[in-house]
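Undergrad: Chains E and B, in that order, are what the protein sequence lines are.
Converting from the first sequence to my numbering requires adding 17 to each position, the first position being numbered 1.
Converting from the second sequence to my numbering requires adding 17 to each position, the first position being numbered 1.
The hints are simulated quantities; they were obtained by calculation from the structure and are not laboratory data.
Here the structure is a predicted model, which means the values were calculated and not measured.
Honestly, I wouldn't trust all of these hints.
In silico negatives: residues of chain B with every beta carbon more than 10 Å from chain E [claimed, not checked]: (1) 133; (2) 218; (3) 249; (4) 268; (5) 274; (6) 282; (7) 314; (8) 315; (9) 337; (10) 340; (11) 358; (12) 372; (13) 407.
Computed beta-carbon distance windows for the label pairs [claimed, not checked]: (14) B:404 / E:385: 40 to 46 Å; (15) E:377 / B:165: 27 to 33 Å; (16) E:195 / B:405: 57 to 63 Å; (17) B:123 / E:403: 48 to 54 Å; (18) B:414 / E:306: 19 to 25 Å; (19) B:405 / E:155: 37 to 43 Å; (20) B:411 / E:155: 44 to 50 Å; (21) E:279 / B:253: 32 to 38 Å; (22) B:402 / E:80: 53 to 59 Å; (23) B:305 / E:338: 31 to 37 Å; (24) E:382 / B:143: 54 to 60 Å; (25) E:408 / B:372: 49 to 55 Å; (26) B:315 / E:256: 46 to 52 Å; (27) B:366 / E:306: 44 to 50 Å.
Listed below are the simulated EDC-like cross-link pairs for lysine to aspartate or glutamate, each with C-alpha atoms no more than 20 Å apart in a straight line [said to hold, decoys possible]: (28) B:391 / E:196; (29) B:164 / B:174; (30) B:367 / B:113; (31) E:407 / B:174; (32) B:391 / E:299; (33) B:19 / B:265; (34) E:377 / B:382.
Cβ atoms here follow ideal geometry from the backbone N, Cα and C, with glycine treated the same way.
Number of protein chains: 2
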Amino acid sequence: MKATGVVVEYNPFHNGHLHHLNETRKTSGADLVIACMSGHFLQRGEPALVSKWARTEMALSSGVDMVIELPYAFATQHAEVFARGAISLLNEIGCESFCFGSEDGDISSFENTVSLIRQQNREYNDSIKRYMNEGMSYPSALSHAFKDLQADKELIDLSKPNNILGYHYVEARNDIASDLHAYTISRESAGYHDEHFSSPSIASATSIRKSLFSQEREDGVIDQYIPHSTLCTLENYKETFGDYHRWENYWALLQYKILSSSPTRLRDIYEIEEGIEYRMIESAKAALSFSDFMGMLKTKRYTWTRLQRMCLHILTNTTKEEMIKQHSTPSYIRLLGMNPKGQAFLNARKKVLNLPLISKLSSADQQAISLDIKASEVYSLGLPSPSARKQLLQQEWSQPPIISK
Amino acid sequence: MKATGVVVEYNPFHNGHLHHLNETRKTSGADLVIACMSGHFLQRGEPALVSKWARTEMALSSGVDMVIELPYAFATQHAEVFARGAISLLNEIGCESFCFGSEDGDISSFENTVSLIRQQNREYNDSIKRYMNEGMSYPSALSHAFKDLQADKELIDLSKPNNILGYHYVEARNDIASDLHAYTISRESAGYHDEHFSSPSIASATSIRKSLFSQEREDGVIDQYIPHSTLCTLENYKETFGDYHRWENYWALLQYKILSSSPTRLRDIYEIEEGIEYRMIESAKAALSFSDFMGMLKTKRYTWTRLQRMCLHILTNTTKEEMIKQHSTPSYIRLLGMNPKGQAFLNARKKVLNLPLISKLSSADQQAISLDIKASEVYSLGLPSPSARKQLLQQEWSQPPIISK
């Protein structure tokens, strides 16, 4: 049995993801698809709309054969670390290939770009530094430095978000998993950040979330963009736990954490530097909501995503010291769910896995997985009622992998 | 002008306090009464029902001539430190005497008891340790050790809460303010912890708070126990800020703080020791409310008050390191309010004060007063709406002393 891998967040699972899944199967010729999915907190520094368990259900219902978790220490990081964690896990679980969606859609342009930047590495890094010293954010500096490179082959456009991720997937593959075959398919119809619906059946996760949170949402408006099973899971989640998760639910906790911490202590938090701790303390005193707070923090120097990730690490109390202790690739594989095909694959692979496989949190090495535990504890506090919080936390401790038919 | 001092919390101000005030004036023969009042958090490790500003208003309306704040580092401590802070401040502001309510009501019994314990100090401490090793809480051990002492003079009953405080006032006076004259008056009618109304006009603050929080409260039922001005201030506070403050309002924050902290980090918090951090973490996962949590923590070894103070220091993130840095007596006098008589007294005293007088937080030495600032920031987070929180925090920063007519 051949497996191919995808790196996903499914926040929530929608028709664009379904399209990617079907194309991945076709393009790779694999027998099954394994998704490496972020846990409760995502790459943009946000809580996932619904828990990893609900998102695993969505994935399995729509044909993913196995879901494994990308740990917090990788899932909530800039593209390079995020990609290294995900590609390493897909390799360790036994995939022969992986397939990502990109704006470019041509894998040889990715290969060319990765080789070129490796060759001209010093010039490239110098020019990134120069642009940042001029006051640019890291992504802008990167994109400008990239344009300065001399190339004679087809390159990707490194200002597009999915191309950036793809670039790092291919780079990570070259570094740590050279046997893994890379595929890319063109993302259809919906831009990454689009807030409005445009295509008849594909919409960005951003616009779907926006619609879910909107008070005036008409029944049925998102049905055309997500599989029916996703809709059922979303509705069931809201009924069981009382709400979806979003940053505003955690604002009181973040504000409290910032106001009760000294600048020195805030500086112990991962990614907090350059004196932003002082601006955070002042803004936390004045802000009335999370978006208010972010508005106060935002400058040209920091991207929204970078600021959100800082906020997230403060919220989960993740220190520089804790992050430094992490290995450069994940040291365990946490299994969230699978179907019979995934089970068969796993049974064949189990004895040759190099990493410990975690099926249930309560029987895992608590020390190794401590960041994920803390993240789940904090994530559960975003629910409105104490009993819902307790229920979600208990699920995290006792839930075995979800087995679908 | 002669001033006498009282040590108070006024949570809220009631007829028993009014009685104490009138008797204090009579007994001491002083021209004015100065109250040293706890700030936003109280000796039993609880948030005050309403802010220090509202409680200052109550005090001034009922005839207190000046209110100064007992800083967090003293207000939220066991009786010995609490008393030392308060007596030191009353001495520094220029009182000639102080007067406390007690179950005993006879000052010479207090003097006898303090001398006797000083004389038999070693035996007394040894026997406290012995009783604690047998599993008693500190107050029980203290009361048992006390009964073992040999005395030939009239002593106080050291198992009564106000006698314990009074004992420490007299002890602190002997140590740091020997010119200060001590008076005591007998507390009338209501026991310290009584939850039910018994006397026709005097009730404990506990029963008044209980009635204020009760859903089925009939209008008018507490009117007979508190001055009309107190009632107006309470109603006005609730209307302006949306709620009174109580531990349950801070439960989500406390739970978050405990769940997001490592045991090591919790052990950095003042008063957290003996491994209770592990019990706290386990209980915080399971508890649905603050009272639920406290019920899980409570054992014979720890008094409710001691546990509440631990929770409070966790909530305000007050570390052992921060507390060790504090001087043994307050290093500033924060003025909360006064009437014209208080103003006249202060004008005469101003030039001879040994400690800096803080009239407005924004112009104070922020470092010296940092624990009080943090306490106020956290206190404001117990209000239901973001705008109310911000309003209270702004008041804390910009409010000059309240001047009453």
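Undergrad: Please go over all the hints and tell whether each is borne out by the structure.
TA: Structure-based check of each hint:
1. Its beta-carbon lying about 43 Å from the closest one in chain E, residue 133 of chain B satisfies the requirement of being farther than 10 Å from that chain.
2. No beta-carbon of chain E is positioned within 10 Å of the beta-carbon of residue 218 of chain B; the least distance is around 40 Å.
3. With a least CB separation of 29 Å from chain E, residue 249 of chain B remains clear of the 10 Å interface cut-off, as annotated.
4. Distance check on residue 268 of chain B: its Cβ comes as close as 8 Å (rounded) to a Cβ of chain E, failing to clear the 10 Å threshold; non-interface status is violated.
5. The non-interface label for residue 274 of chain B is inconsistent with chain E: the shortest C-beta to C-beta separation is roughly 8 Å, within 10 Å.
6. Its beta-carbon lying about 8 Å from the closest one in chain E, residue 282 of chain B breaks the requirement of being farther than 10 Å from that chain.
7. The claim that residue 314 of chain B lies off the interface holds: its Cβ sits roughly 17 Å from the closest Cβ of chain E, which is beyond the 10 Å cut-off.
8. With a cut of 10 Å on Cβ distances, residue 315 of chain B stays outside the contact zone with chain E, its closest approach being about 19 Å.
9. Every beta carbon of chain E lies more than 10 Å from that of residue 337 of chain B, the smallest distance being close to 14 Å; the non-interface claim holds.
10. Look at residue 340 of chain B: its CB is around 14 Å from the nearest CB on chain E, clear of 10 Å, so calling it non-interface holds up.
11. A cut-off of 10 Å between C-beta atoms confirms that residue 358 of chain B is not in contact with chain E; the least separation is 36 Å.
12. Residue placement check: residue 372 of chain B keeps its beta carbon more than 10 Å from all beta carbons of chain E (closest about 24 Å).
13. With a least beta-carbon separation of about 6 Å from chain E, residue 407 of chain B fails to lie farther than 10 Å from that chain, contradicting its non-interface assignment.
14. Taken as a hint, the range 40 to 46 Å holds for the pair residue 404 of chain B and residue 385 of chain E, whose Cβ atoms sit roughly 44 Å apart.
15. For residue 377 of chain E paired with residue 165 of chain B, a C-beta distance near 55 Å fails the hint of 27 to 33 Å.
16. The given range of 57 to 63 Å is respected by residue 195 of chain E and residue 405 of chain B, whose C-beta atoms sit roughly 59 Å from each other.
17. Separation of residue 123 of chain B from residue 403 of chain E is about 49 Å and conforms to the stated range, judged on CB atoms against 48 to 54 Å.
18. Take residue 414 of chain B and residue 306 of chain E: their Cβ atoms lie about 21 Å apart, and the range 19 to 25 Å holds.
19. Against the hinted window of 37 to 43 Å, the Cβ-Cβ separation of residue 405 of chain B and residue 155 of chain E comes to about 39 Å, which satisfies the hint.
20. Between residue 411 of chain B and residue 155 of chain E the beta carbon distance is about 36 Å. The supplied range of 44 to 50 Å is therefore violated.
21. For residue 279 of chain E and residue 253 of chain B, the Cβ-Cβ distance of about 35 Å falls inside the hinted range of 32 to 38 Å, so the restraint holds.
22. Checking the proposed 53 to 59 Å range against residue 402 of chain B and residue 80 of chain E shows it is violated: the Cβ atoms sit about 46 Å from each other.
23. Checked against the given bound of 31 to 37 Å, the beta carbons of residue 305 of chain B and residue 338 of chain E, roughly 33 Å apart, stay inside it.
24. Between residue 382 of chain E and residue 143 of chain B the beta carbons are some 46 Å apart, a value that contradicts the proposed interval 54 to 60 Å.
25. Our hint of 49 to 55 Å for residue 408 of chain E and residue 372 of chain B holds, since their Cβ atoms are close to 53 Å apart.
26. The beta-carbon spacing between residue 315 of chain B and residue 256 of chain E, approximately 36 Å, falls outside the hinted interval of 46 to 52 Å.
27. About 46 Å separates the C-beta atoms of residue 366 of chain B and residue 306 of chain E, a value consistent with the hinted range of 44 to 50 Å.
28. Distance restraint check for residue 391 of chain B and residue 196 of chain E: the Cα-Cα separation of roughly 55 Å exceeds the 20 Å cut-off, and the hinted pair is therefore not satisfied.
29. Under the criterion of a C-alpha separation no larger than 20 Å, the hint pairing residue 164 of chain B with residue 174 of chain B is consistent with the structure, at around 9 Å.
30. Pair hint residue 367 of chain B plus residue 113 of chain B holds up; C-alpha atoms about 16 Å apart against a cutoff of 20 Å.
31. About 46 Å separates the Cα atoms of residue 407 of chain E and residue 174 of chain B, which puts this hinted pair outside 20 Å; it is violated.
32. For the hint pairing residue 391 of chain B with residue 299 of chain E, the CA-to-CA distance comes to about 13 Å; that is within 20 Å, so the pair holds.
33. Note on residue 19 of chain B and residue 265 of chain B: the hinted pairing is violated, with a Cα-Cα distance of about 43 Å set against a maximum of 20 Å.
34. Pair hint residue 377 of chain E plus residue 382 of chain B does not hold up; C-alpha atoms about 52 Å apart against a cutoff of 20 Å.
Figure legend: structure checked against the earlier numbered hints; hints not met, in rising order: 4, 5, 6, 13, 15, 20, 22, 24, 26, 28, 31, 33, 34.
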